[in-house]
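**Student:** Those sequence lines, one after another, are chains A and B.
Take the first sequence: its letters are residues 668 to 894, numbered as in this note's numbering.
Take the second sequence: its letters are residues 644 to 1085, numbered as in this note's numbering.
One or more of the hints may lead you astray.
[As the list claims (entries may be wrong)] Here chain B is said to cover these stretches of chain A; the calculated rule only asks that three of the stretch's residues, wherever they fall, bring their Cβ under 8 angstroms from a Cβ of chain B:
no. : stretch
1   : 766-777
2   : 780-791
3   : 867-880
These are computed hints drawn from the structure, not numbers from a lab.
Backbone N, C-alpha and C fix where the C-beta goes; we use that ideal spot for every residue, glycine too.
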Amino acid sequence: MAGQGMVRIWPWLVAASCSACCHPKIAKLEATPRHVCPGERVELVWEFSGSGTMTVTPSTASAPAGHVADRGTASIQPMAPTRVELRVTRTFGAPTGAQLDIEMAQGESVAASIADDSAACSAGVVSSTAHLRNFAPDLAVALVGMQPGDSRAGYDVTHVDARTHQPVTAHVAPAAPTDRFAGMPIGGDWVISSPLAAGESCDPPSLPNNLVVVAYTNCGDGEGDQR
Amino acid sequence: MTPEELKNKVDTIVVVMMENRSFDNVLGYLRHPQFGNRSDVDGIEDLANPGYINLNLDGQGKSPFWLADGAFISDLPHSADEVKLQMKLARLARRFTMTGFVEAYESAFHSQVADPPVMGLLRQSDLPTTSVLADRYTVCDRWFSCVPSSTAPNRLMSMCGATALRDTHTLLPEQPTVYDWLLEHGVRWRVYSAGFPFFALMPRVLSLMLTGHFRRLEDLPRDLATEGPDEWPQVIFIEPEYYDSPVHFRPPCDNHPPLGMAPGESFVAQVYRTLAASPRWQRSVFVLTYDEHGGFFDHVPPLPVTYRNANGVAFDTTGPRTPTIVAGPYARRGVSHAHLDNTSILQLLAERFGTGGESFSRDVLDRRNQGIASLSTILDAAANNTQMFTFATPANVNVPPAPAVPSGLQTAFDTALRDLVSRHQTEALIKYPELRGFVRAA
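Go ahead and model the full structure; you've got the sequences and the hints to work with.
**Tutor:** This is the structure in structure tokens:
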């Protein structure tokens, strides 16, 4: 009977003492910047509790591979879209994992959400702000246009040049992209406004979820940043 | 169907409740011109619709995309706070925008990927069972999870009509269940489960689990073939093998990420084939539903149905939609836009088995008064949908490794099963011999 009692008691003790402290846990896995040109330097930062392995696919020189310390940094220079995966195990608890994609997108949806604190609607115009973060400074805009299939009449777009801090404004319409933002870093705030479409109103509110333009980017001379 | 029609024509109501999928994740393809092309269904017509874009933590816009069925690296976020973020209230627009699914995912799992799995949509090629049922029976495109939260509150709402929990943490609180209601009303009922039933997590249901009310799924064909009309249950709950259970009778098949859909598709096909091949099917209603959306994107805002309990558990809306299908001879082929949730099943039970005009409970009546219809409203006594349909085999019945984030449900199942053995010893081990290995391993 005593043995059976132990069978019942021990799991409770183990579960109680380890429920909070013994499971693997990932506190951080970040890439800065995460949106880059080929060959550009990306700093990886991680922090976890447990035993961790990291894979970088496709691998690059200096990319972490295999077992890594529970906190650390690494610098990589991916030449193509790259996935970083961290898997963590510990004595108790199920394994956990996190994934990061380092992206080299050439067409980026710049979406200003109506749920953003900046959203406003007055005088027949709805506006909001998109906040693009973690983009490399030399990931530059080439053209800005409307998303295919978007039925709105057009957008007024304002983007602040991160180098000069000067705002630039342009209008985009269906099949009429603008190059007014050419050369500006894509990162930063984009204020997008549009006249209310049929069926939309400010009060009572009947507004779209998002105001969206597409920013096509390039990487300057195309050689990438080898710094 | 009217209560009179129900009493005259429906002998058995069968409920299969799976886990954690949104309507758009499973059935959104029905609307898309390339796949279902059904303009009657409120699914995803255009992946590039600007209204569907969810922003990630970098401010990038992420649209829904076609996802091949398979295992995930982790569960997806769906706690009460995370669902609130997913539904994303726009104060300016005074409505939920359903645009916070990616933000919730990235925040919860420190993952930022080009195609966040929460935005993934399956196609009929990944859904050999569900796609056939959706094509032949009634698709409910306004069936919502009861509350904007996780499994435990939603299963409590589904099976009790009320919840004393705001979120999933541990064992279920003691509440009157549908089992009590059926017992009080002299209704024959039974649970057939592919693994341990969910309400093992409610301590006072443990003793019921040792009675004939709770049986193994493999008993279903035998009972169906041998039991007479006075034995065969009037209400049947069929439960999958839950991924979060620490003891399995068979591979998990509840569709809960990180599990893919293939094991659940096989499970539902097995259940359907067994039931539909029986003459009893001709007087049955079959409901395939889900407890909640599981963190997957859905584009339809929740209904403003409020819920309050005496202990301060409060919700102001339903949760997101779930992919519910009603099948059987009284299910029309098509779509229902009626506002429904899992308490619609409780309303149906009250209409069929209660006394004239009786409600299941005050809480369920309150939901009815707020616009949640009874399941009876979409049944048609003249539907005559009696043909039995066949399914292909899922291509990819893979079971992933253990879930990435230990869940409250895992802990709760672990506690409940230990309690079952502790309280009922021999009886429990005879009925559930799988527990022997579990206790020994512990």
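**Student:** Output the indices of the hints that this structure fails to meet, ascending.
**Tutor:** The structure conflicts with no hint, since it agrees with every one listed earlier.
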